[in-house]
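Novice: So you can see what is in the structure, the chains are spelled out below.
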Amino acid sequence: MADVMLLDFWASPFGQRCRIALAEKGVAYEYSEQNLEQKSELLLRSNPVHKKIPVLLHGGRPVCESLIILTYIDEAWPEMMPLLPRDPYARAQARFWANYIDNKIVDCQTRLLTTKGEAQEQAKKDMIGALKTLDSELGDKDYFGGQAFGFVDVAFVTLTPWFYTYEKYGDFSVEEHCPRIVAWAARCRERESVAKALTDPEKVYEIVQEEYGAN
Amino acid sequence: MAGGDDLKLLGAWASPFVTRVKLALNFKGLSFEDVEEDLSNKSELLLSSNPVHKKVPVLVHNGKPICESVIIVQYIDEAFAGIGPALLPSDPYERAIARFWAAYVDDKLVAPWVQSLRAKTEEEKSEGLKQTFAAVETLEGALRECSKGEGYFGGETVGLVDISLGSLLSWLNATEVISGTKIFDPVKTPLLAAWMERFSKLDAAKAALPEVDRVVEFAKKRQAQAAAAAAASETK
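Chains as they are written, first to last, in UniProt numbering: chain A, 1 to 215; chain B, 1 to 236.
No lab work stands behind these hints: they were computed from the structure. These numbers were taken from a predicted model, which means no experiment stands behind them. Treat the hints with care, as some may be off.
[Claimed, not checked] Below 25 Å or equal to it, Euclidean Cα-Cα: the simulated BS3-like pairs (lysine-lysine) are:
{"hint": "1", "chain 1": "B", "residue 1": "Lys188", "chain 2": "B", "residue 2": "Lys108"}
{"hint": "2", "chain 1": "B", "residue 1": "Lys130", "chain 2": "A", "residue 2": "Lys125"}
{"hint": "3", "chain 1": "B", "residue 1": "Lys108", "chain 2": "A", "residue 2": "Lys51"}
{"hint": "4", "chain 1": "B", "residue 1": "Lys130", "chain 2": "A", "residue 2": "Lys52"}
{"hint": "5", "chain 1": "A", "residue 1": "Lys104", "chain 2": "B", "residue 2": "Lys108"}
[Claimed, not checked] Across the chosen pairs, the derived CB separations fall in these ranges:
{"hint": "6", "chain 1": "A", "residue 1": "Glu37", "chain 2": "B", "residue 2": "Ala230", "range": "37 to 43 Å"}
{"hint": "7", "chain 1": "A", "residue 1": "Glu210", "chain 2": "B", "residue 2": "Asp5", "range": "53 to 59 Å"}
{"hint": "8", "chain 1": "A", "residue 1": "Lys39", "chain 2": "B", "residue 2": "Asp6", "range": "47 to 53 Å"}
Beta carbons are placed, not taken as given, at the ideal position from N, Cα and C, and that holds for glycine.
Take these sequences, add in the hints, and give me the full structure.
Specialist: Below you can see the structure in the form of structure tokens.
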């Protein structure tokens, strides 16, 4: 087995975060596509608690949960391309925003795509609110951490292909509400690690419709 | 404590998330100002320090706010790295394991348990408790692995997971008083039951954890309020 292995699913934005981080750090690894309908022995053994991807295996030892994996990658390969800043206060801010993305955006996404009527209207309002909060936090900076691509950028950029799907289900324009986020996403896509990892937005829409039914 | 550090904790005495931060500050030997917030009438300072969530705890260090209990604990560990014991191990893999279990405590133990406490139906309550007990069983295994024969999730000394779980102790005890349910059953989960005893005796824990009687009173009052609200909405 290779020293570094990533158990992943091709369309997972959480797995993509790990791929981007590993690429930015220049870490060679074996990518292992997992069948989520029929989970492998290796996946079940590596993540017995949640039975989910992504899982990073380093020297055979598993690390689970994408943000924990990102932090681990940053700490295990500290010399190249730091993802988290050195200052403890700036690190706390980065962790705060990454958590916000995982808790707020992902929750709004689920509700926006799986509910109808009033519940969906509320989900749409909440999603727009959350995206605007992130737009405001980004402000006029190139990246969330300032001038360098980092932790929060990696955490959020893999959800940007989902904007097209949010727009279709919610009938709104992300760019209209969050022009800076849209510009930031395009800036991130100029990086090879990001361009290679992201799913095409049309493909995301197709998958979501298959999974949850057409809007 | 390092000279010139001003630490203010915006909190609410009954909140285990606030207790979590007090535990971390106490274990590090840091002094701080304990600011009790009225959550029904939040202060300007709280609202401006945590504009996104407007929640406690918030740690204000030399005027700069840090939010979210697990993030605050890690901040305390990093900002005061030379002072007191380390709350996280130095090895990246062991740190990842500690973070994993701290997240597990919040997502898989606290969430369903709160659901069972706030449940409006018996069904909701029993589903919440079922999930809570399943998580407790998993944590028993985690303690066995992480402690490596020593007394804490952090090994010989208290760490992030001990602090995350330890912050719940007054509520665990209060639940036992109110409903007779022992969340850490000494027969089913002997390691956790022993850990709870051991942790409770630590000075830092005694200073941070709210009085169980006070929590019992608080919980009973909350339950009565919820029942009254439910009854009122039914008779309309």
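Novice: If a hint holds in the structure, say so; if it does not, say that too.
Specialist: Verification of the hints:
1. Lys188/B x Lys108/B: Within the cut-off at roughly 18 Å; holds.
2. Lys130/B x Lys125/A: violated (34 Å)
3. Lys108/B x Lys51/A: holds (14 Å)
4. Lys130/B x Lys52/A: With a Cα-Cα distance of about 21 Å, the restraint between Lys130/B and Lys52/A holds, given a limit of 25 Å.
5. Lys104/A x Lys108/B: Holds. Lys104/A to Lys108/B sits at ~18 Å (cutoff 25 Å).
6. Glu37/A x Ala230/B: 37 to 43 Å: Roughly 42 Å apart at Cβ, these two residues keep to the hinted range, so it holds.
7. Glu210/A x Asp5/B: 53 to 59 Å: holds (55 Å)
8. Lys39/A x Asp6/B: 47 to 53 Å: holds (51 Å)
Checked against the numbered hints above, the structure violates only hint 2.
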